[in-house]
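The listed protein sequences correspond, in order, to chains A and B.
According to this note's numbering, the stretch in the first sequence is residues 447 to 636, in order.
According to this note's numbering, the stretch in the second sequence is residues 9 to 169, in order.
Calculated from the structure, these hints are not laboratory results.
Here a beta-carbon is modelled for each residue, glycine too, at the ideal position from N, C-alpha and C.
One thing to keep in mind: the hints can contain errors.
Cβ pair distances, simulated, as ranges [said to hold, decoys possible]:
| no. | chain 1 | residue 1 | chain 2 | residue 2 | range |
| --- | --- | --- | --- | --- | --- |
| 1 | B | 74 | A | 571 | 33 to 43 angstroms |
| 2 | A | 450 | B | 142 | 22 to 32 angstroms |
| 3 | A | 538 | B | 31 | 40 to 50 angstroms |
| 4 | B | 74 | A | 508 | 35 to 45 angstroms |
| 5 | B | 88 | A | 575 | 41 to 51 angstroms |
| 6 | B | 85 | A | 551 | 43 to 53 angstroms |
| 7 | B | 147 | A | 629 | 22 to 32 angstroms |
| 8 | A | 566 | B | 162 | 42 to 52 angstroms |
Taking lysine-lysine pairs in the DSS-like style, the calculated list, with each CA pair at most 27 angstroms apart, reads [to be verified]:
| no. | chain 1 | residue 1 | chain 2 | residue 2 |
| --- | --- | --- | --- | --- |
| 9 | A | 509 | B | 109 |
| 10 | A | 499 | B | 91 |
| 11 | B | 91 | A | 509 |
Footprint (simulated), chain A over chain B, 3 or more residues, beta carbon under 8 angstroms [stated by the list, open to error]:
| no. | region |
| --- | --- |
| 12 | 47 to 58 |
| 13 | 151 to 159 |
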Amino acid sequence: MHSFIDWIRQPWPWYVAGPLIGLTVPALLLLGNKNFGISANLRHICAICLPAKIPFFQYNWRKEVWNLVFVAGILLGGVIAAGLLSNPQPVQVNPLLANDLAGYGITNYSQLVPADLFSWGQLLTVRGLLMMIGGGFLVGFGTRYAGGCTSGHAITGLSMLQWPSLVATICFMVGGLVMANFILPFLLSL
Amino acid sequence: MIDTDFEIRTQDTGCVNESQLTHKWYHNIKYLIVGILFGIVFVKAEIISWFRIQEMFRFQSFHMYGVIGSAVVVGMISVLLIKRFNIKTIYGEPVVFLPKKFNKGQVYGGLLFGLGWAITGACPGPLFAQIGTGATVIVVVLLSAVVGTWVYGRFRERLPH
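Taking the hints into account, I'd like the entire structure generated from these sequences.
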């Protein structure tokens, strides 16, 4: 039993995680005709909290409560994984990346969310503000403009052979490549 | 309240709820359980890791490509099987697949989301799991994403689609 716990605490390989995530698509379809898509919850939150007579937020969000329950589960899953199954070792990353990040003062590998960038203290810095507020805004605005995120387009859409989702997925990747390689180095240097 | 927004929703969200059934609240517990399992996978496979997302966009690791690629393959096979054998939901409803319509938002919005994804190292799902792991400041990122969604909704008619 002890060795099983040690084993499960290690980071899981892609060939275990990927298929489990893929199974979410049929699981939600068969449990109640639900389409796997997480960014829609941001819209539901707007519709619940501040619809402000905007047509885009006028719909029966009560029918979508299942999805909010689903993301509450994701949050709880995070609590369980961090509390009971956490990996005591520092996060392993490609040495090329670690070397590059060290140049920006990012050296803390104790958490998957780097504390050198994302912490309450960092929120008061220009870099932290741009990355947390600016980055979050782009995620919310962009996913809704695109009509879905990685789960709705890249996984569900591609699973259902929807070509508009392939276009969206390619655009996600292009945007990410441009940011990570050409713009983020500037943001990190602030 | 009548759902008057069906056309718009089929156009721009991959998240249309097709079930015509109404259930008591506790029927949602099954989605909570799927969510919990999913959240654990997110954390344990380091999908919520900012470092993993940087490695992906710098082509320094195969990990995320393996995760997304194998998820799509398993999802695709599952959808094929559901269609081929006409598998019903646990309530006996036929599974409904709606085609997505192309609009330019998938390009513009997709690029904008990609920029944000590389900054925050998280798409919307991982944001929730990150908060769960104790990175409480990510609540701010999530609220900013909600604001971004609201601003999109507010100016939707003036944006090219």
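Results of checking the hints against the structure:
1. Checked against the given bound of 33 to 43 angstroms, the beta carbons of residue 74(B) and residue 571(A), roughly 35 angstroms apart, stay inside it.
2. Between residue 450(A) and residue 142(B) the Cβ separation comes to about 24 angstroms, which falls inside the hinted range of 22 to 32 angstroms.
3. Distance hint for residue 538(A) and residue 31(B): a CB-CB separation of about 44 angstroms, consistent with the stated range 40 to 50 angstroms.
4. In this structure the hint that residue 74(B) and residue 508(A) lie 35 to 45 angstroms apart at CB holds, the actual value being about 38 angstroms.
5. Between residue 88(B) and residue 575(A) the beta carbon distance is about 46 angstroms. The supplied range of 41 to 51 angstroms therefore holds.
6. One distance hint, 43 to 53 angstroms for the beta-carbon pair residue 85(B) and residue 551(A), holds here, with the actual separation near 45 angstroms.
7. Judged by the Cβ atoms, the range 22 to 32 angstroms given for residue 147(B) and residue 629(A) holds: they are separated by roughly 25 angstroms.
8. Distance hint for residue 566(A) and residue 162(B): a CB-CB separation of about 29 angstroms, inconsistent with the stated range 42 to 52 angstroms.
9. Distance hint between residue 509(A) and residue 109(B) is fulfilled; the C-alpha atoms sit about 23 angstroms from each other, no more than 27 angstroms.
10. The straight-line distance between the Cα atoms of residue 499(A) and residue 91(B) is roughly 39 angstroms, outside the 27 angstroms bound, and the hint therefore fails.
11. For the given pair, residue 91(B) sits about 25 angstroms from residue 509(A) by alpha-carbon distance, which is consistent with the 27 angstroms threshold.
12. Closer than 8 angstroms: that is the beta-carbon criterion, and the region 47 to 58 of chain B has 12 residues meeting it against chain A, so the requirement of 3 holds.
13. Residue count for the region 151 to 159 of chain B with a Cβ under 8 angstroms from a Cβ of chain A: 9. That meets the three needed, and the coverage hint holds.
Hint compliance for this structure: hints 8, 10 are not met, and every other hint is.
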